[in-house]
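In case you want the letters, here they are:
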Amino acid sequence: MTEIKVKTLGTFNKNGSSEKIVKLGGEPDIEEVLKVLANEGLFNFHSDSASIEEVVQNTLILINGVEVRNLEGIKTRIEDGDSLTLIPVAHGG
Amino acid sequence: MYEKESLTHQSKKIPLCTKCGVKPSVYFRPYSGERLCKSCFIDSIEFRVERTISRFDMFKFNSRIAVAVSGGKDSLNLLRILWRLEEKYPKAELIVASVDEGIKDYRNEALKFVKESCKQYDIELQVLSFKELYGLTLDEIVVKTMNKELTPCSYCGVLRRRALNQIAKRIDADVIATAHNLDDIAQTALLNLIRGDLNRFSTVYPVSTRIQGFVRKVKPYCEIPERESAMLAYLTEIKFQSIPCPYSESAMRNDIRRFLNKMESKRPGTMFTIYKTSLNLISAKVGKEEEKIRLCEICGEPSQTKICRTCELLKEIKKR
Chain C
1 MTEIKVKTLG
11 TFNKNGSSEK
21 IVKLGGEPDI
31 EEVLKVLANE
41 GLFNFHSDSA
51 SIEEVVQNTL
61 ILINGVEVRN
71 LEGIKTRIED
81 GDSLTLIPVA
91 HGG
Chain U
1001 MYEKESLTHQ
1011 SKKIPLCTKC
1021 GVKPSVYFRP
1031 YSGERLCKSC
1041 FIDSIEFRVE
1051 RTISRFDMFK
1061 FNSRIAVAVS
1071 GGKDSLNLLR
1081 ILWRLEEKYP
1091 KAELIVASVD
1101 EGIKDYRNEA
1111 LKFVKESCKQ
1121 YDIELQVLSF
1131 KELYGLTLDE
1141 IVVKTMNKEL
1151 TPCSYCGVLR
1161 RRALNQIAKR
1171 IDADVIATAH
1181 NLDDIAQTAL
1191 LNLIRGDLNR
1201 FSTVYPVSTR
1211 IQGFVRKVKP
1221 YCEIPERESA
1231 MLAYLTEIKF
1241 QSIPCPYSES
1251 AMRNDIRRFL
1261 NKMESKRPGT
1271 MFTIYKTSLN
1281 LISAKVGKEE
1291 EKIRLCEICG
1301 EPSQTKICRT
1311 CELLKEIKKR
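Sequences listed follow chains C and U, in order. Per the working numbering, residue 1 is the first one in the first sequence, and the count goes up by one each step. Per the working numbering, residue 1001 is the first one in the second sequence, and the count goes up by one each step.
By construction, these hints were calculated from the structure, which means they are not laboratory data. If you're wondering where the values come from, they're calculated on a predicted model, not measured in any experiment. Just to be clear, a hint being listed does not mean it is correct.
As the list claims (entries may be wrong) - One side only, chain U facing chain C, incomplete, derived with CB under 7 Å: (1) Val1026; (2) Arg1035; (3) Glu1226; (4) Ser1265.
Stated by the list, open to error - No more than 20 Å apart at the CA atoms, straight line, and that leaves these computed lysine to any residue pairs for SDA-like: (5) Lys1262/U with Glu72/C; (6) Lys1012/U with Gly81/C; (7) Lys1144/U with Tyr1247/U; (8) Lys1169/U with Arg1210/U; (9) Lys1013/U with Asp82/C.
From the three backbone atoms N, C-alpha and C, an ideal C-beta is built for every residue, glycine too.
All chains should be built: construct the whole structure from the sequences, respecting the hints.
The following block contains the structure:
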């Protein structure tokens, strides 16, 4: 079981909550984590119909403070204890 | 793939900064191939803003600058950068200009961030509300103009520009600095092309033409991609607005934003290309034609037409 901390900033915050502990099986990559988060409606993404590709294009995704494009993009493997931060690129104003 | 890597958290291999070659990088720029550490990233943004100011001759050593700050990440980032640059120019002065459109919750949170930043940097803040200037909040205008052809953003944009100009005139500023970023510029260029509005195309230029009655507007942040603006805010711990503008989804701009973000993701550098092409197109026109300006017959402000756009919209709103 992989336990990660997911932090959201800006308009992704739902009901004032900005940090959650998420538990996933195996060693998932970021894409899998995003799908879980989207499916469970844990955070406000840009729109309910947005594809993962669209979410990625409009979101700054950091793993342990490093932008994922600087690693292996959304195929970057998440490990136990990692911290994932999601920031909307446009705040919607 | 990487010549130099550093191991930080657990087993993830993080390439070293391509600029300093010492620290682990935190950000990758696909359009330039740079991988930057936190301090080199922040420095690179500040350098780019300073270069834009210099290239377009935006300020003088003693300018009185009204910085338009909405409370969003872009304007708070710009304010922080200008505040740091101001140290080099002791005779220059910054004053923050904020417009309160009257959008419940959304604007209240943003103005709270503006006030906190002004206090932190010890900068004067001037706020002007739609209610004070036009007698109506944007929320009230939206109710009055429901089911009309124009979107709330169309009203808000025109009325906000007038309000900013009013603040700048009241505080005797020489120039208004706005935080339009690279994405805003590329979106506006494309938007005006799609609408076939060539007159407005020139508004993407980083400095406005000098027109009596209008305080000159400059865009020192215009070469900063919005994604990098978000990263800068994260790294410098600037607060992010948690409440989205309730009217933003009605804008055609959002469709263009989504399209451009897709293009930028697949073809890095697309937004810079649109920006540079726009400058080339506008440069061919700037200075060759003098804008014909008269005074609006209703409010007396400068206008290209008999009745200015602000008065046209206000007349329409009040009719309802």
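Which numbered conditions among the earlier hints are violated in the structure presented, ordered from lowest to highest? Of the numbered hints, all hold.
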